[in-house]
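Visitor: Residues per chain are reported as follows:
Number of protein chains: 2
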Amino acid sequence: MHSFQQLVNIYAQKFNRQHFPAEPFNLYEPADYFLSIGGKRMRPVACLMANELFGDISENTWHAADALELFHNFTLLHDDVMDNSALRRGKQTVHVRNNMNTAILSGDAMLIGAYASLNKIEASCLQQVLTIFNKTAFEVCEGQQYDMDFESRTDVSLDEYLRMITLKTSVLLACSLQIGALLGGASKYNADHLYEYGKNLGIAFQLQDDYLDCYGNVEKFGKEIGGDIKRNKKTFLLIKALETAEGETREKLKAHLSSKDENKVAKILDVFDECGVKQWAEDLKKQYAAKALSHLEKVVVTADRKKQLYDFADYLLQRDY
Amino acid sequence: MHSFQQLVNIYAQKFNRQHFPAEPFNLYEPADYFLSIGGKRMRPVACLMANELFGDISENTWHAADALELFHNFTLLHDDVMDNSALRRGKQTVHVRNNMNTAILSGDAMLIGAYASLNKIEASCLQQVLTIFNKTAFEVCEGQQYDMDFESRTDVSLDEYLRMITLKTSVLLACSLQIGALLGGASKYNADHLYEYGKNLGIAFQLQDDYLDCYGNVEKFGKEIGGDIKRNKKTFLLIKALETAEGETREKLKAHLSSKDENKVAKILDVFDECGVKQWAEDLKKQYAAKALSHLEKVVVTADRKKQLYDFADYLLQRDY
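These protein sequences, in sequence, are chains A and B.
Taking the working numbering, the leading residue of the first sequence gets 184, the next gets one more, and so forth.
Taking the working numbering, the leading residue of the second sequence gets 184, the next gets one more, and so forth.
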């Protein structure tokens, strides 16, 4: 068995290669560029770890891992167009570096590439893996759609928000673990618990991401603090504040939201404090983290084999406040 | 066995339904809208006919047919964004009716839908079908990329052009026939000849489309005549004229190309006549049509079973000049 960090290193080395043909250059070079700008490769590594819980990593799992990473990058490539983001991991996005048409078509090719990787899986396992993968792929599109829909809505509930982040970011991590487990020989029972572990871990991670946008250490977070607040993004913190705030506090919050005051971030954080949002947010993240670990506990393998998945949860959720 | 026209009617009825869930509305409704605006469903019908050459239509083939039609519509949806086309079959395209982000994401969901249809094929045939499908899907993206690349080039050769239209439009028809044949129980020999029949038929059809843009009957063609010429589109007619024209004729052609004269179309058609482009184009189409039929002849089934595929070629290539 490998440690979490060993698998991160092994997978990064394996994946760091040219994935597409040389021609047509304007189709495939941007796809390879986008893959080369990195990322944590968390989904394929999760897939490999889930396989290793049950046995040696099979050839099938390496192919599934590549498919998951290609799919994830396809979604990022198209999301960057839809969100009009100029930078990804500090590098130019494809629609800025090349143009919008290239970002669309290279993304399409990357999605086809994900399916081409899946098709290297042995025939006896292929249909089962594709069923999980396709379901998840639809869900990720649905999550992106809800995220875009929410931009023009003012009545998004916390439940709706949680459902959106589950679809947009958590199910792909969950499905990575489930597929890796099944390809490693796991029972349905074990694979399903790993799915739930991944889903809840993914939700906790996304809640943390929203939290850090407000309360993070700017150097450790690597992004500007308060970006979501400035853009009035309906994160779970704002949704909670809007649900909680009453009377004068509510009026204040609404006034700050529509203001262009340069102290807007500090003022809204003050309202968050009045509503107890910070503590509530920390608690909510802990609830999802605990739920994730409770599913990991239920997986029927000897406790020592689970160490890498506990380390993985620590790694994802350790981020400094 | 069914006639070509019977299969067209049966498939249209089967396919004319809601393909996606009701929610999220802004993701799936545009996809169903786009599917509902019609089209000739030539690829799935070709797939069904190729199966019927060899035996009764299997459940697998119906699923493959749906996948091919969904894939074709996915490419149209994204191509309309890339080409900034406002109309498709006389109806608003999705990026105009909804918005660009919707066109991108609904197209993505449609591509995933194509793979979900393929995954209904029996496990024993799935990998073989996916291998052909994925290869073709990459090629269609490559064709679209070359088409876009050619817009900013002035030195496109006839061979490059033929390769572009082969990738962009012919290989999907070819692969539809090949997959249908294999799912109907055909040998590799027969399926390969049907692939070549479809590929050459597709090229002849596309050449005809370019030809009709210059020489068609406006009422029968259903589009404005000379649209390609007005936009200086590098069709095979213009490429041939640029390759052939010498001296004074060449200078005249270049001058007309850069002019905004309202008689531009007539003047360029005059140059085409001087270069013998019309006759050459008719001959080239006939060459590809003959090549297609020569491959159909080589398919080893009794001659009477092939009638529907001869009718299909007649239907595609019968269009009035």
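There could be a bad hint or two in this list.
Identical copies go unnamed one by one, so any copy, or any two together, can satisfy a pair.
Below, a list of computed lysine-lysine pairs in the DSSO-like style, where the Cα atoms sit at most 30 Å apart [claimed, not checked]: (1) 197 <-> 474; (2) 371 <-> 481; (3) 437 <-> 274; (4) 423 <-> 371; (5) 490 <-> 417; (6) 371 <-> 303; (7) 303 <-> 461; (8) 318 <-> 197; (9) 197 <-> 413.
Keep in mind the hints are simulated off the structure, nothing from the lab.
Visitor: Next step is simple, just say for each hint if it's right about the structure.
Guide: Hint check:
no. : hint        : result
1   : 197 <-> 474 : neither (33 Å within a copy, 45 Å between copies)
2   : 371 <-> 481 : within (13 Å within a copy, 49 Å between copies)
3   : 437 <-> 274 : neither (35 Å within a copy, 42 Å between copies)
4   : 423 <-> 371 : neither (37 Å within a copy, 62 Å between copies)
5   : 490 <-> 417 : neither (36 Å within a copy, 61 Å between copies)
6   : 371 <-> 303 : both (22 Å within a copy, 21 Å between copies)
7   : 303 <-> 461 : neither (47 Å within a copy, 48 Å between copies)
8   : 318 <-> 197 : both (27 Å within a copy, 23 Å between copies)
9   : 197 <-> 413 : neither (40 Å within a copy, 50 Å between copies)
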